[in-house]
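Undergrad: Using the sequences plus the hints, can you model the full thing?
Going line by line, the protein sequences match chains Z and S. Positions 1 to 463 (my numbering) are the ones given, in order, by the first sequence. Positions 464 to 661 (my numbering) are the ones given, in order, by the second sequence.
All clues stand as given, with none of them false.
Short, incomplete list of chain Z residues facing chain S, as computed with Cβ under 7 Å:
id, residue
1, Pro38
2, Leu78
3, Gly143
4, Ser147
5, Ser194
In short, the hints are calculated from the structure, not lab data. Even for Gly, the Cβ is constructed at its ideal location relative to N, Cα and C.
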Amino acid sequence: MANTLFDKVWDSHVIEKIEDGPDVLFIDKHFIHEVTSPVAFVGLKNRKLKVMFPERTFATADHNTPTLNQHLPIKDELSALQVKTLEKNCNEHGIDFWGLGHKKNGIVHVIGPENGITQPGLTIVCGDSHTSTHGAFGAIAFGIGTSEVEMVLACQSIMQQKPKKMRINVDGELNRYVTPKDVALYIISKLSSSGATGYFVEYSGRVFKEMSMEGRMTVCNLSIEMGARGGMIAPDNKTYEYIKGKEYAPKDQEWDKAVTYWSSLKTDKGAIFDKEYNFIGKDIEPMITYGTNPGMAIPISKSIPSSDTSDSKTSYIKALNYMEFKEGDQMIGKKIDYVFLGSCTNGRIEDFRVFANLIKGKKKSDNVDAWLVPGSHKVLKSIKDEGILDVLTDSGFKLREPGCSACLAMNDDKIPKGKYAVSTTNRNFEGRQGPGARTLLASPLVAAATAITGKITDPREII
Amino acid sequence: MAYDKFEILKSTGVPLNIDNVDTDQIIPARFLKATERKGFGDNLFRDWRYNSDGSSIDSFPLNNQKYNGKILVAGKNFGCGSSREHAVWAIYDYGFRAVVSSFFADIFKNNCLNIGVLPIQVSDSFLSEIFSQIDNDSESLFEVNLENQEFIIKKLDKKEVFNISLYKKGNMSNGYDDIDYLLNKKEEISRFANKFIF
Ligand code: SF4
Numbered sequence: 001m002a003n004t005l006f007d008k009v010w011d012s013h014v015i016e017k018i019e020d021g022p023d024v025l026f027i028d029k030h031f032i033h034e035v036t037s038p039v040a041f042v043g044l045k046n047r048k049l050k051v052m053f054p055e056r057t058f059a060t061a062d063h064n065t066p067t068l069n070q071h072l073p074i075k076d077e078l079s080a081l082q083v084k085t086l087e088k089n090c091n092e093h094g095i096d097f098w099g100l101g102h103k104k105n106g107i108v109h110v111i112g113p114e115n116g117i118t119q120p121g122l123t124i125v126c127g128d129s130h131t132s133t134h135g136a137f138g139a140i141a142f143g144i145g146t147s148e149v150e151m152v153l154a155c156q157s158i159m160q161q162k163p164k165k166m167r168i169n170v171d172g173e174l175n176r177y178v179t180p181k182d183v184a185l186y187i188i189s190k191l192s193s194s195g196a197t198g199y200f201v202e203y204s205g206r207v208f209k210e211m212s213m214e215g216r217m218t219v220c221n222l223s224i225e226m227g228a229r230g231g232m233i234a235p236d237n238k239t240y241e242y243i244k245g246k247e248y249a250p251k252d253q254e255w256d257k258a259v260t261y262w263s264s265l266k267t268d269k270g271a272i273f274d275k276e277y278n279f280i281g282k283d284i285e286p287m288i289t290y291g292t293n294p295g296m297a298i299p300i301s302k303s304i305p306s307s308d309t310s311d312s313k314t315s316y317i318k319a320l321n322y323m324e325f326k327e328g329d330q331m332i333g334k335k336i337d338y339v340f341l342g343s344c345t346n347g348r349i350e351d352f353r354v355f356a357n358l359i360k361g362k363k364k365s366d367n368v369d370a371w372l373v374p375g376s377h378k379v380l381k382s383i384k385d386e387g388i389l390d391v392l393t394d395s396g397f398k399l400r401e402p403g404c405s406a407c408l409a410m411n412d413d414k415i416p417k418g419k420y421a422v423s424t425t426n427r428n429f430e431g432r433q434g435p436g437a438r439t440l441l442a443s444p445l446v447a448a449a450t451a452i453t454g455k456i457t458d459p460r461e462i463i
Numbered sequence: 464m465a466y467d468k469f470e471i472l473k474s475t476g477v478p479l480n481i482d483n484v485d486t487d488q489i490i491p492a493r494f495l496k497a498t499e500r501k502g503f504g505d506n507l508f509r510d511w512r513y514n515s516d517g518s519s520i521d522s523f524p525l526n527n528q529k530y531n532g533k534i535l536v537a538g539k540n541f542g543c544g545s546s547r548e549h550a551v552w553a554i555y556d557y558g559f560r561a562v563v564s565s566f567f568a569d570i571f572k573n574n575c576l577n578i579g580v581l582p583i584q585v586s587d588s589f590l591s592e593i594f595s596q597i598d599n600d601s602e603s604l605f606e607v608n609l610e611n612q613e614f615i616i617k618k619l620d621k622k623e624v625f626n627i628s629l630y631k632k633g634n635m636s637n638g639y640d641d642i643d644y645l646l647n648k649k650e651e652i653s654r655f656a657n658k659f660i661f
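TA: Next comes the structure, spelled out in structure tokens:
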């Protein structure tokens, strides 16, 4: 029978199928962080359970950590307590903990791939919805709730209904200065923020084939923003190249065996999807959001569409009121107060390269506060090693230390009330980046152009 | 283990007629700093319920004396966004036992079922009827019959059947969760882990 990539990986991990119920799914790798894990450990304690396979779980502190002065004790008492609790729990249960200052520390979805933990054909979960990032390697990866974190700690498995399958094909070539972020925002704008709910997505077609691993991660990362459980891309030579030599990658004979197996992980000809979409690369332009969910995105050169084109007028009006935008407004030229480069969506080295290339030789606008937050210590190190830090500094930018930062604004990095931020993150929800903050999602390139001019700027105009 | 058995629930409903309510609205990130599951109900819909000075926003349904009950009736695509289970804890701790909508985000729905809040998905038209019923009479009673998988508008004597897997239904009505099930499978899981090479 012709199978999809998703079927192959999922079915090989099913321990038991429950009639009129979920599958019992074995989980290969599990990431935890300080925010969604503490209550899971309390659960273990209450049930007097041990972690079944501690070596399959990896812990980092990222969601609620400061991005300045990480060498000092964390000032916020509650976040200090969360990080300490995680450390204690990890020590007690024999789990690797990469805390602040550790050279492998960083955002959970950045450090998994960069250390070679994320590999094709695995099932990977984490108590964070953007776990879908790891799907870029041909793994099944998705976010789970805290009860499920407890299940994975206790039993290395969870119970899940098998999602339906969707394929999104983007063929042809991309226009210049169109980034993976634009591709993802374009797809979400077409499908809406709930258009893929109930599905697991496979991305296929030339555009994804030619995309870097970093770009594929950005796309898979945003799968959840159209409601999908996750997204994945079949592994290829680029995938193997990326993994090879990383600390947790298979070595020697194991490597050859792994590659042979990984090569079988692709959708067979004739395999059936429950839903398919086809798009053309050259239709995609640099994108930006204007509303309060990622589906409210348009090409940057366009004006805000009419509410009549929206399926729910009240929500549309509520969103525009929150943003203080009007139907028909041009996006280009709107004044911006903050620019945020970072997060597990666009906080990898490639994103910093793109940003630095654009701003090189130009000066940051005085009207803009720019927060540049690397996704991990490894990314930070590359930024320094590659001379990017000098470029940033020369243009008047400062770099912060790694973490989720203003992506969810749990720490001090909050965009003030009413201010506008062009952000490379994944969510423009009301208050996501701070109470009353107004977020416009865009690519690192749009963020860079905007940081230079102080208003929304089409990068094609200043390159 | 963690929650009460779900039997027949008869209650009035609290309306929240907004689409795409995301988990950042249900519980803003700054309230996720706890290391125990305590006190989340107070911060449910925090930024919609309270001004930044802590005064309450009267127009928000949860602050309206007229509305109360154990059933939250919400607009389409409820619970989208993050995987934070805190969102469901907040809903549960506030006192809701069921959420009705015409569409739920996946992870949110799973989280609900894992901690004992029943997500009830009804048709768009039935959802509108529920909203108008509350609009007309906020004292109007609804009944959730888990056994028959029915949501009933008592006054109109109208009902709609909702879906839930047999397995999850069993869990909800007995008040136990997936871990209880998985713990009985540990040997099989171990065997599986050993033979799995990659
Ligand atoms: S950067 Fe944002 S989306 Fe990514 S893991 Fe952190 S909080 Fe979640």
